[in-house]
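In order, the protein sequences belong to chains A and B.
Following our numbering from start to finish, the first sequence increments by one per residue and tops out at 1069.
Following our numbering from start to finish, the second sequence increments by one per residue and tops out at 594.
By construction, these hints were calculated from the structure, which means they are not laboratory data.
Be careful, since some hints might not be right.
Result set (SDA-like, lysine to any residue): computed pairs, CA atoms no more than 25 angstroms apart in a straight line [stated by the list, open to error]:
(1) LYS540/B / SER1067/A
(2) LYS1030/A / LYS316/B
(3) LYS165/B / TYR1003/A
(4) LYS363/B / VAL1066/A
(5) LYS316/B / LEU329/B
(6) LYS1034/A / TYR477/B
(7) LYS372/B / ASN1001/A
Every beta carbon over 12 angstroms from chain A, so not counted as near; a handful from chain B, in silico [claimed, not checked]:
(8) SER38
(9) SER110
(10) ASN175
(11) LYS180
(12) LYS184
(13) GLU230
(14) GLN278
(15) LYS300
(16) ILE311
(17) MET314
(18) GLY323
(19) GLN330
(20) ASP474
(21) VAL479
(22) ASP506
(23) GLY551
We treat Cβ as the ideally placed atom computed from N, Cα and C, and that holds for glycine.
Letter by letter, the chains look like this.
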Amino acid sequence: MAIRNFYAEKCNGCGICVACCPMDVLRLDEKAKKVVIKYPKDCIACWGCESFCPRGCFDVTPERGRGELVSPY
Amino acid sequence: MSKIDSLGTVITTDVLVLGAGGAGMCAALKAKESNVDVLMIDKMGIGWSGQVPIGGGILAYVYPDYVEKWAENVTRQSFFFNNQDWTYQLGNYMHKSTMDLANMGLTFHRDKGEINILDWGPHIHVTLFDAAKSLVALKKTANNRRIKMMDKIYAIDLLKNGDKVVGAIGLGLTDGKTYLFNAKTVIIATGNCGYMHEKTYSSVLGEGAAMGYRAGAQLVNAEFSSSYVWGIKDLGKELMGIYFYQYLENAKGEKIMFKHFPYLKENKQPVYTFDPRVIEAMQKEVQAGLGPIYINLQGLNAKEIAGLAEDQVEGLTLLKGNDTMRLLREKMGIDPSKEKMEMWPRYLYSGGGLRIDVNGKTTLDGLYAAGGASSSSWSGGGGGQAGLGVQSAAVTGFVAGENAAKDAKKTKQLDIDYNQAKSAVERIMAPTQRAGNTDAYDVVYRVHEAVVPMKYNRQREAGRMREALGIVEDARKKLGGVGAKDFHDLARYHSAESMAMAAEFTYKAALMREESRAGHNRVDFPQRDDKNWFKWITIEQKNGAPHLTTLPVPVEKYRLQP
């Protein structure tokens, strides 16, 4: 998956990542006040969640589960 | 319930803006100044959309007194191939655009209360702004001005009544509703195509050009602007700074930039992140069997590493360079002063876009375009000029917004044509009618095989480009095997389709252009050929297929002559 690591323990449920995700990958669990990765395979690695999360909860990788990106060479 | 309501939820507005990134936000804010009803939709949450918030926070600026000289410089550098109407429009608008953005709430770096305007290059300056919060700030103003906004709507196709565009169809990604937006005028501001290959800038997937093309609008310059930028392979990010290049080395430990460009040793010459010489050196080394390429900062302390990020604009890329180092340490567990990092050319963008006139209008009635979705790049002056992409998004947005609103004011609302809407909705929903045995992103990965390799896209050659087109065709065939269980799958399907279209258009136009010019390098036609190719290539749908034709650059009508 494109979200390689999600550090749930740091998440305070502010919802910025949910707002910025273009593919609706992330949803907010209102009760637990935590974000859940609901549609992991839909991630396009736009880097929004990782860029805007104020607590550094996300680590996104562009290889998206393929193992290797297509080489430019 | 009317017949139209059976197709989806109908929402009516005067001006509909598709995409709420830099261009869309500016378009909506400017359109609202004409006191019309404005609705802005985006697949992301508005305030975080598009590429501006994750960019460098640099806005190009030309002083009004310098516009003439800047435009002349841009025109000479592009060998008069630019659309001078747009070059002057952009140049003349930059001051007003910057002041408008400040008044609309964009936070600029200031010095004693004044916007800090920093010298950058010949007749051009830059201003710096808070990128991450930029659209949040503008959204606040949009809210105060009663611009309507809808998040998480994935716009796929345009609605037409006869020859006129009267709205768009969108999928509600979170509520599972089909929306039919009925508008007097529509502005496409959905960005260009980043192909979701690398991290960053991959939220733009070519949807705008694809929907415009399907509705009959012309595209232009698809063969230009494909770009490679060197970056850290594992981090998926470029390394901002002008002296890092000195530490690029091959597998044998040879410094590759001094090897290929010995003159760089003199006078501590800067090489910017987007400089194509770096890609050239990397490719030569790997082709010679001396890859992979590393950046080796071992033995340098943190202060020395930060110093490499020094730039023309003091403090700016220093900040960015430090930021990258922090990401390396925190995310990858890498200490750059202790270990080498593999670098490679990152493929970022397709080129071209919807052809717009100087008012931001496309070739279709009722349809405007701005930012990366438009052919704004044909104003010239790109080539890595920091902040020009953002300024171009702002200016094309302001221009399209103003004119789309004026147009809407004098236009009677045309109803949605039921039959056209029904067939468009059926086309959009078709993947839900089949089981499918292929994942939409496998189609995208096949497209990557055609667009990413430099043998296809950087050293272009007829035979190889036909091979690449064959791969794209195979990807499109695979699309037929993609099914959709829900709106998420549908959005994935349609984004894959728009990426395949972007790749097809790029290679078709690149095959047609039998010369080398700007970023379009043909190894089989290595020279610029003004005699035969002083013309733009346009693409338009005819009889269900892309029809390419040429449009001579109307330089005789322009201010500056060769």
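Violated hints - listed by number, lowest first: Structure breaks hints 2, 12, 13, 16, 17, 18, 20, 21.
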